[in-house]
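Student: Combine both chains into one complex, guided by the hints.
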Amino acid sequence: DAGVTQSPTHLIKTRGQQVTLRCSPKSGHDTVSWYQQALGQGPQFIFQYYEEEERQRGNFPDRFSGHQFPNYSSELNVNALLLGDSALYLCASSSLNGLSYGYTFGSGTRLTVV
Amino acid sequence: AQSVTQPDIHITVSEGASLELRCNYSYGATPYLFWYVQSPGQGLQLLLKYFSGDTLVQGIKGFEAEFKRSQSSFNLRKPSVHWSDAAEYFCAISGYSTLTFGKGTMLLVSP
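Residue numbers (this note's numbering), protein chains in the order written: chain A, -15 to 98; chain B, 10 to 120.
No lab work stands behind these hints: they were computed from the structure. All residues carry an ideal CB built from backbone N, CA and C; glycine is no exception. Please note: incorrect hints may appear among the correct ones.
Partial selection, computed: residues in chain A whose CB lies under 8 Å from chain B [unchecked claim]:
#1 G26
#2 G86
#3 F89
Next comes chain B alone, as it looks inside the complex (with noise of 0.2 Å):
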């Protein structure tokens, strides 16, 4: 069975300054990676996917991520933060065609 672990539940982080959140899946293949950000009583908006080639994926909003396969990681980063980055970020992975979530991580942005 799939699974997906984020590890931490709230990250707060200055504005302007570096973001990593971290993300470890379980899976017997190579699987299809995503990160959403979904914005409080909002849907979730795709940020970037990772299906296959260049390990260095880029999305929207400044945001990459890199897959390592060695590790079963997928973190998500951000040269620097904005006040609007404040949201909850959610990892996922799809096998086939249907997608597992982690529970979450909330970022909070400092002044």
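Here chain A stands alone, though its shape is the one from the complex (with noise of 0.2 Å):
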């Protein structure tokens, strides 16, 4: 059972760059979220999306914006990229109706900015 899958798993990118990273989900749900963990930090939430809409955000800039798509797999993107962009950026699934479940995290994709 595949469980939530990034990529890429690490790049660099200048800054004003822009950025789109991916995420697909585990099998089962329908829920992605994605964090932010910068170097030494937990991890922050920046947004999440069920059914193709972002239904919460959290305390980020229009810089970060995402997308998701019918097959439940998702985005992030992030323009004007600065110095202080670079973190592990984390996916992580869970079902909407299920969240006693949990949320199952992806290893994450390292971003630094240069």
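Tutor: In structure tokens:
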């Protein structure tokens, strides 16, 4: 049973560029959440997608946007990259109607902005 | 607003000794509580979760946690630590459908 798959695993971007990160949720999950984990910190909630719509959003600027596809996979886009956007980006999937089963996390995408 | 406090940034435990990692939360009602473990450069693995019922929760890898409403705590315990337990541990709370994490506790295991 495949868990949450994220791609790419690592990437390096230049300040001001744009980046797209991808996530495939665990089989049977319909909800995808994105988290940013800066070095030495706990993950911070960016936003959550369900039924192809953004349902909740954390305290992140509009430079962070996302999308969910009909197959429940999701993308995270970050525009006008800043050095401070360097972090591990984690995708978590869950079933909105099965929250008691918890969240499953992917291994993350390590983004370095230079 | 919900919040999680993990007061210990680092903890060093001898292999074979017992372990307790502290977690305190702030939330207006009974929350969903989680403990995750993260090895260097990896994602998060769920150790255990509490939703309701028995306040002593058993998890994977021999870990357990106890929910104490009166103390707003959800401390993680293990009776005998193994070198492979060295990692970072995160306590998290969920009021509806998103997670709020603490800053984590780094566990170091000495021989």
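Student: Each of the hints needs a verdict: does it hold here or not?
Tutor: Hints versus structure:
no.: 1; hint: G26; result: holds (3 Å)
no.: 2; hint: G86; result: holds (5 Å)
no.: 3; hint: F89; result: holds (4 Å)
Of the numbered hints given earlier, the model fails none.
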